Every structure is written in structure tokens, then in C-alpha cells.
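Undergrad: Given only the sequences and the hints, what does the whole structure look like? Please build it.
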Amino acid sequence: MVADSSVLLVVTVAYLAMVMGVSLWGYRHSKTEEDFLAAGRSIGPWVGGAVLAATQISAGTFVGTLGRHYLTGVSWTWIWFGVWAGWAASALLVAPKLRRFGALTVADYVGTRFASEGARTLAAGLIIVCYSILLTAQFQAIGEIASAVFGVSPMLAMGALLASTGFYTALGGVRSSSYIEFVQTLIMLLALVCAVPVVIAHVGGITALGEYVGSIEPRMTAWWFSGKELLAFGLAFGLGIAAAPYEMTRYYSMRDVATVRYAIGISMMMQVLIGTCVMLLGIGIRGVFPYLPSPDQASSIMASTLMSPLLGSLFLMAMLSAIMSTVNSILLVTGGAFAHDLYKRLINPAATDQRLVWVNRLSIVALAVIPFWMATLKLGDVQAIVIEQAKFIASFFFVPVVFGLNWRRGTKQGAIWSMVVGFVACLTWTFTLQRSFASHGIDSVEVGVVLSALTFVVVSRLTPPTPEKNLAVFFQARQGSDPSGSNIAKLML
Amino acid sequence: MGFGGFGGFGWSFYGFFAAAVVWLVTYFVWAARAAARDRRQANGR
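Protein sequence lines correspond, in order, to chains A and B. The numbering of the first sequence is the numbering used here, which starts it at 1 and goes up by one. The numbering of the second sequence is the numbering used here, which starts it at 494 and goes up by one.
A hint or two may mislead.
Pairwise CB distance ranges (calculated) [as the list claims (entries may be wrong)]:
{"no.": "1", "chain 1": "A", "residue 1": "193", "chain 2": "B", "residue 2": "536", "range": "33 to 43 Å"}
{"no.": "2", "chain 1": "A", "residue 1": "469", "chain 2": "B", "residue 2": "518", "range": "51 to 61 Å"}
{"no.": "3", "chain 1": "A", "residue 1": "42", "chain 2": "B", "residue 2": "532", "range": "19 to 29 Å"}
{"no.": "4", "chain 1": "A", "residue 1": "346", "chain 2": "B", "residue 2": "535", "range": "32 to 42 Å"}
{"no.": "5", "chain 1": "B", "residue 1": "504", "chain 2": "A", "residue 2": "461", "range": "25 to 35 Å"}
{"no.": "6", "chain 1": "B", "residue 1": "535", "chain 2": "A", "residue 2": "92", "range": "16 to 26 Å"}
{"no.": "7", "chain 1": "A", "residue 1": "13", "chain 2": "B", "residue 2": "521", "range": "35 to 45 Å"}
{"no.": "8", "chain 1": "A", "residue 1": "407", "chain 2": "B", "residue 2": "525", "range": "19 to 29 Å"}
{"no.": "9", "chain 1": "B", "residue 1": "518", "chain 2": "A", "residue 2": "197", "range": "23 to 33 Å"}
{"no.": "10", "chain 1": "A", "residue 1": "310", "chain 2": "B", "residue 2": "536", "range": "45 to 55 Å"}
{"no.": "11", "chain 1": "A", "residue 1": "384", "chain 2": "B", "residue 2": "537", "range": "33 to 43 Å"}
{"no.": "12", "chain 1": "A", "residue 1": "406", "chain 2": "B", "residue 2": "532", "range": "21 to 31 Å"}
{"no.": "13", "chain 1": "A", "residue 1": "17", "chain 2": "B", "residue 2": "504", "range": "44 to 54 Å"}
{"no.": "14", "chain 1": "B", "residue 1": "500", "chain 2": "A", "residue 2": "118", "range": "53 to 63 Å"}
Every beta carbon over 10 Å from chain B, so not counted as near; a handful from chain A, in silico [claimed, not checked]:
{"no.": "15", "residue": "261"}
{"no.": "16", "residue": "265"}
{"no.": "17", "residue": "420"}
To be clear, the hints were calculated from the coordinates, so they are not data collected in a lab. Just so it is clear, the structure is predicted and the values come from calculations on it, not from any experiment. We treat Cβ as the ideally placed atom computed from N, Cα and C, and that holds for glycine.
TA: Written out as C-alpha cells, the structure is:
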């Protein structure tokens, strides 16, 4: 039982010691902004793949997704193909071009591709706002898990998350964060893979589980959701993944273009394993506890009742890793957006590299404290906040990124108006029209992306093209795998 | 829509694994070919 606090304490201390040790190593090796925000372009495919998996897997996977399988069975797992379609789109249309560009932030791309400081500032500002809201949800999640599993005050748990994650992110930047996320992904995989046989053994094996759960509700072992529903959910997830800033910035830190492609594949391989285990655990817990009051309780009840002290503690560390890795990735993006895209461009263009590293660190701390405060106000349900912010990001960012990287004629006015229209359309649909149109199954993200795309194309056609020198880096013939790690962005920015 | 099939699960269960394997194999074959093509172009061939 996890109630055996001595085992949990030892596991937690060992985990935090690892995190702090790697952070101190990263601190000593982060002298320049390129070190801090892009790990000196040194990340290989396995660490890179684990990083991409860790940033995507969050508390929502361990609580929300597992709970969804508990409630509806197998078919929800097909949603992963929407996620992987987003990854494939990124590998095909986004990641290689961004890595060849080799900048430091996503707004760097916007500013250079569209030759517009206004578009850069708008992108940086919207990213900071949306990701601060996502961070609020992560703080709320840790508060709720700590309260439900340990009976610990949510404020204490949120404070611990703020102190630990804020500290190690600010200290070591992308370099140490990448290696910490590699270990965190291994912890998640190990905990999930070990948990599956334990839970299935409780119901007498996989065949007994299938027959029992199918007898409770036949759709659980067949199709709970229709193909149309799965496609709509999958599309929403895929659009968010293809242009997610916290994934895109990590491409910059990898060695070369080939590494980025392989890292995405390795990340999907890990996600297949994670998705399979989460599905089996959700169904397995339904077999053991068929009538829990809330499906979201499935994972914490499993960790505290079905597992040995060591495995239960490992599973809780995996949940903690999922939250910490997401928080860490978001902070790196928001801190970088403020320090690199706002402070350096608008406040102090003469800032030295060393000063910028420290502004990054201070921005990370400041941008962690604000969502912490917002989380204490409990603005909404955790899962709803996570989903809504992902829709907003996709609505204002998918088109400038995916279209902008693959259509030369896109202009700065097209980019700026597509971001504004996508954001406002998603906002309007979410808060006004969505309810009355709910029967049509049209989601706010689909409305946001479609209107953003139309705006981008129409406005771009009506405005002067982007200068050729800004387009060359994104549209010239492939330049090989950039083995030297040299980056074109240095010449452009 | 009824449940059943091999081992108590229907093809929504087994089909997922089969589709995931096909997806990954296709992806890695594409990634390897893209890397080889990039190397050829970098070498000017």
C-alpha cells in the first residue's frame, strides 16, 4: 500500500535528488542563451523522443484518459491515431524546416518568416497567455491529486510543485530538462508496464477481463464511440500537436534534421506503449472496481489499493513526472517568449548573452508564480482547462506555422490577421455559439482553424509578398542533415 | 456492435495493435528514406 509512507518517502527523495543533481549539471553547462534554450543543439534521438513524449503526456493521461477507458472501454484508444497524425504532419511539414532554421523560440520563426516584429510580439504574447492558463490547470491537478491520495493540503502540493519544477527549470534550462524528462519518461513507462499485469491478475487474466467487462457493457470491448466521434476528437488533438509551441521549441535543441524525424518516431513508439498500458489499466480497474463514483479516481485508487508499496510509489512518481515534465516544458516556452522575444526585442536589444540567460531564469520563476496564484482561485475544471487552451493554441497558431512553412505567398498581414481571427473565432464559438450548434458536432477548434486558414489565404493574396531573403531559409532545397549544428537563424536574426 | 471475438475483446482491441504496428513501420521507413535522401543531397549527388 502507498500508505506505507517510508517507501514513498525514500522513492520521492531519490527522485528529487536525481532531478536536482541533473539540474546542477545543466546549470554548469548553460553559459549562453543557445545553451539554455536549445541545449547547444546536442540532443540525440532517444533523449529527444523521450522529451517529446514527456511533454505530451500530462496529468490528463494518467487521470483523464485512464478514467475515460474505465468508463468507455477500448475504443477511446483510437484517439491516439489523431495525435500521431499530428506528429506525422509535424515531421513532414514543420519539424525539418524549423530545425534547419535553427532558432531559439517559436516566435523567432514567426518574426523571421513573415518579416514582422509585430507578428513576433503577437505570437509571443498569445503563447504566454494561453500557456499560463495551461499551467494553472497543472497546478490545480497536483493540488487535487495530493489532496485525494495523500490528504495533503492542495496549497502545500502546489507550492512544492512551484518550488521544485520552477527551480530545476530555471537552473538548467533545456539541457538539464531534456535529460530529466528522459528519466521521467522511463519512470512513466516502467510504472505503467509493471502495473498492467498486477491489475489484470486481479481479475483472472486478459480473457476473463474481456468477458467480464463486456458483460457489464458490451460496447466497452467493442465500439463505444462512433467513427465520426473518434475522427472529430482525433482531429482536435492532431491539430493541437502539429503546431504545439512546447514541442516545436524542442526541435531546435536536437542535433540535426534526421535526429528530429527519428525522435518523433521514437516518441510515437513510446506513446503506443503508454496508450496501450493506460487502456488496459482503465479497463482492468473497471474489472476490479466496476462502480467507482468518479472515473477520475481510477488511477489513484489503483495505486493505493492494488499495488505493492514500491510499485504504488513508482506509479505516483510517474504521475508526478507527467505533471512536472509538462510544467517544465511550458515554463521553458513562456520564459523564452518573454526573455528572448519581448525583453531582448522591445526592452533591451543590447542585452548580453549572459544577461539574457538570467532574464530567462527570472522570467521562468515569475511566469510560474502567476499561474500558481490563479490556481488558488480555482477558475475551472482541470480537464476542461487543458482541452480549451489546446484548442486556442491550435486556432491561432496552426495556420501561421503549417501554412506559413509550406506556402511562400503567406504574408505578415495574413499571419497577424489569421492569429487574431483564429483566436477570436475559437473564443466566440466556445462561449456563445457552440451550445446552440452542439448538435452539429462542430468544435471550436475546427471553426478557429478553418476561419484562420481562410483569413490567412485571403489577406495574404491582397497584401505584398514577404521579402525573398526571409523566405529562402524555409523554401530553399533541402540542405542535408545539418550535421555541424550550425544554424541559419544566426544569420537571419 | 456486440462484444465477443477472440479473448473477450472485439477488433477495436486487436485492430488497434495491428494498426499501430503498421503506422510505426511506415513512419520509420519514411524517416530512413528521408535521411538517406538528405545525405545524398548534402553530398551533392
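Undergrad: Quick one: which hint numbers does this structure break? Sort them smallest to largest.
TA: 2, 5, 11, 15, 16
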